[in-house]
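A.B. asks: Residue-level listing of the chains:
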Amino acid sequence: MMSATFTIDGQEVPFTPGQSVMQAALSAGVFIPHLCYHPEFRPHGSCKLCTVKVNGRPATSCTLPAAAGMDVESNTPEILDKRRALLQMLLVEGNHFCPSCEKSGNCKLQALGYELEVFTPHFNQFYPDRPVDASHPDVLLDFNRCILCELCIRASAEVDGKNVFALSGRGITKHLIVNAESGKLADTNFALTDKAAQVCPVGVILEKRVGFAVPIGQRHYDAAPFSAHVAEFKPTPESQGERS
Amino acid sequence: MNAPQTPPKLKVATCSLAGCFGCHMSFLDIDERLLTLLELVEFDRSPITDIKHCGPCDIGIIEGGVCNAENVHVLREFRANCRILIALGACAINGGLPAQRNHLDLRNILEAIYATDTGLASGTQVPNDPELPLTLNQVHPIHEVVKIDYFIPGCPPSGDAIWKFLTDLVAGQTPHLGHGLIHYD
Ligand code: SF4
Ligand code: SF4
Ligand code: FES
Chain W
1 MMSATFTIDG QEVPFTPGQS VMQAALSAGV FIPHLCYHPE FRPHGSCKLC TVKVNGRPAT
61 SCTLPAAAGM DVESNTPEIL DKRRALLQML LVEGNHFCPS CEKSGNCKLQ ALGYELEVFT
121 PHFNQFYPDR PVDASHPDVL LDFNRCILCE LCIRASAEVD GKNVFALSGR GITKHLIVNA
181 ESGKLADTNF ALTDKAAQVC PVGVILEKRV GFAVPIGQRH YDAAPFSAHV AEFKPTPESQ
241 GERS
Chain E
1001 MNAPQTPPKL KVATCSLAGC FGCHMSFLDI DERLLTLLEL VEFDRSPITD IKHCGPCDIG
1061 IIEGGVCNAE NVHVLREFRA NCRILIALGA CAINGGLPAQ RNHLDLRNIL EAIYATDTGL
1121 ASGTQVPNDP ELPLTLNQVH PIHEVVKIDY FIPGCPPSGD AIWKFLTDLV AGQTPHLGHG
1181 LIHYD
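Note that the protein sequences, when read in sequence, are chains W and E. Using this note's numbering, the first residue of the first sequence is number 1, and each one after it goes up by one. Using this note's numbering, the first residue of the second sequence is number 1001, and each one after it goes up by one.
No lab work stands behind these hints, which were simulated from the structure alone. It is possible that some hints are incorrect.
[Said to hold, decoys possible] Below, a list of computed lysine-lysine pairs in the DSBU-like style, where the Cα atoms sit at most 35 Å apart:
1. W:K162 <-> W:K48
2. E:K1147 <-> E:K1009
3. E:K1052 <-> E:K1009
4. E:K1009 <-> W:K53
5. W:K82 <-> E:K1009
6. W:K48 <-> E:K1147
7. E:K1052 <-> E:K1011
8. E:K1164 <-> E:K1011
9. W:K174 <-> W:K48
10. W:K53 <-> W:K82
11. E:K1164 <-> W:K48
12. W:K208 <-> W:K195
13. W:K174 <-> W:K234
14. E:K1052 <-> W:K82
15. E:K1009 <-> E:K1164
16. W:K82 <-> W:K174
17. E:K1052 <-> W:K53
18. W:K48 <-> W:K195
19. W:K82 <-> W:K48
20. W:K174 <-> E:K1147
21. E:K1164 <-> E:K1147
Remember, predicted model here, so these are calculated numbers, not experimental data.
Sequences are here, hints too, so could you generate the full structure?
C.D. replies: Okay, here's the thing in structure tokens:
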């Protein structure tokens, strides 16, 4: 029996039942930009960077189940423009000063900015005041760069069984908090070995004393753009709902 | 028959506002290509010429954001005179390093630096000579003050990135910076 397929920008992509459009695309080596998607976690659907048009209607490819015969548009000027605008909004909402960020070169937000040729944040800067939390002996939290993707929240709850992080507030005041009475990371049982310490796509959760150790030229996205790393994002059993 | 005419040279002005001149140094990093560039362009106001005011130009290139009133005046003079205005580098584009003071109170910063910090001579005060341009409460990228036509990111953008961008532009093409040339750091 032929396996079921759909098309992305005219290219035929096979899928197994239950896979999202994103999972099927990445499995087939077709890159779709994303920030809150992570191969080991259930989809979250918050960043909207993975937006595509399916049979003419916009949808987030990380949450949309693949179906036979779908006509998916991804790399069109219209969709690329929308993705650029999303990246620009993320950049001005926080304080993103890449030259002084330890995540620079390894950051998905930055790498997507390069990939989509975002030359300017375009909008007016918010310059929010978000003090850092340096209380923990091994890890620095720099909230200035949080994009609210909830990956650390999901990792801490689902993998580490700790619930160290949460989101608080609504709308533009929504922000990441630490679940401790003091609000400080040092007053939780968070550890550097936690999954939550490894999943942040941007430069918020940073291991202390290793910043800038890797020289420019050897960082993760220096040699090849985000899209060339497609194999790293292929779905795992966990992302297909199999974490117990 | 007439001799073939060389096209008139493009007039280019450049300046550094709240920047560190790193972007201008990087501009000089186009090395011997500067000679090729000089066949195509002539410089108006620029640290290279020391002309103090910008006259009518084809291209204006601005390094740095705005951190004081004088920056704003210079930026407006460039916008009024330049057909195409380009933001060069991180500080012009998002405020960059100077903007990291934006969540601090300006008076507190000035007093800490000029009056209350240890190691200052006694009686030291925050300078307030009328000749000094007034400092803005916050540092801002230049596109928040005037319309900017093009942006070349980087801290600083590499000489190669600047060259690629300007040669695309002078050739009348939409400038592109591929992987490795576009960077924010
Ligand atoms: S988190 Fe990414 S985009 Fe933000 S400052 Fe750091 S490297 Fe730049
Ligand atoms: S800290 Fe990082 S992983 Fe957590 S929500 Fe913010 S951006 Fe996402
Ligand atoms: S990756 Fe799909 S919404 Fe973030």
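A.B. asks: Is the Cα-Cα distance between K174 (chain W) and K1147 (chain E) 35 Å or less?
C.D. replies: holds (31 Å)
A.B. asks: Mind checking the alpha carbons of K1052 (chain E) and K1011 (chain E) for me, to see if they're no more than 35 Å apart?
C.D. replies: holds (15 Å)
A.B. asks: Hinted pair, alpha-carbon criterion (35 Å max): K174 (chain W), K48 (chain W). Please report holds or violated.
C.D. replies: holds (17 Å)
A.B. asks: Straight-line Cα separation of K1164 (chain E) and K1011 (chain E) no greater than 35 Å?
C.D. replies: holds (18 Å)
A.B. asks: Does K1009 (chain E) lie within 35 Å of K82 (chain W) when you go C-alpha to C-alpha?
C.D. replies: violated (38 Å)
A.B. asks: Within 35 Å, alpha carbon to alpha carbon, are K1164 (chain E) and K1147 (chain E)?
C.D. replies: Holds - the C-alpha atoms of K1147 (chain E) and K1164 (chain E) are around 23 Å apart, at most 35 Å.
A.B. asks: Check the hint pairing K208 (chain W) with K195 (chain W) against an upper bound of 35 Å on the C-alpha distance.
C.D. replies: Status holds; Cα separation ~16 Å.
A.B. asks: Against the 35 Å threshold, does the CA-CA distance of K1052 (chain E) and K53 (chain W) hold or violate the hint?
C.D. replies: violated (53 Å)
A.B. asks: Going straight from one Cα to the other, do K1052 (chain E) and K82 (chain W) come out at no more than 35 Å?
C.D. replies: With Cα atoms ~42 Å apart, K1052 (chain E) and K82 (chain W) exceed 35 Å; violated.
A.B. asks: Below or equal to 35 Å on CA atoms is what counts here, so check K1009 (chain E) against K53 (chain W).
C.D. replies: violated (47 Å)
A.B. asks: Compare the distance between the alpha carbons of K162 (chain W) and K48 (chain W) with 35 Å, and conclude whether the hinted pair is satisfied.
C.D. replies: Cα-Cα ~27 Å, so holds.
A.B. asks: Within a Cα-Cα threshold of 35 Å, do K1164 (chain E) and K48 (chain W) meet the stated pairing?
C.D. replies: holds (32 Å)
Going down the numbered hints, you'll see the structure goes against 4, 5, 14, 17, while the others check out.
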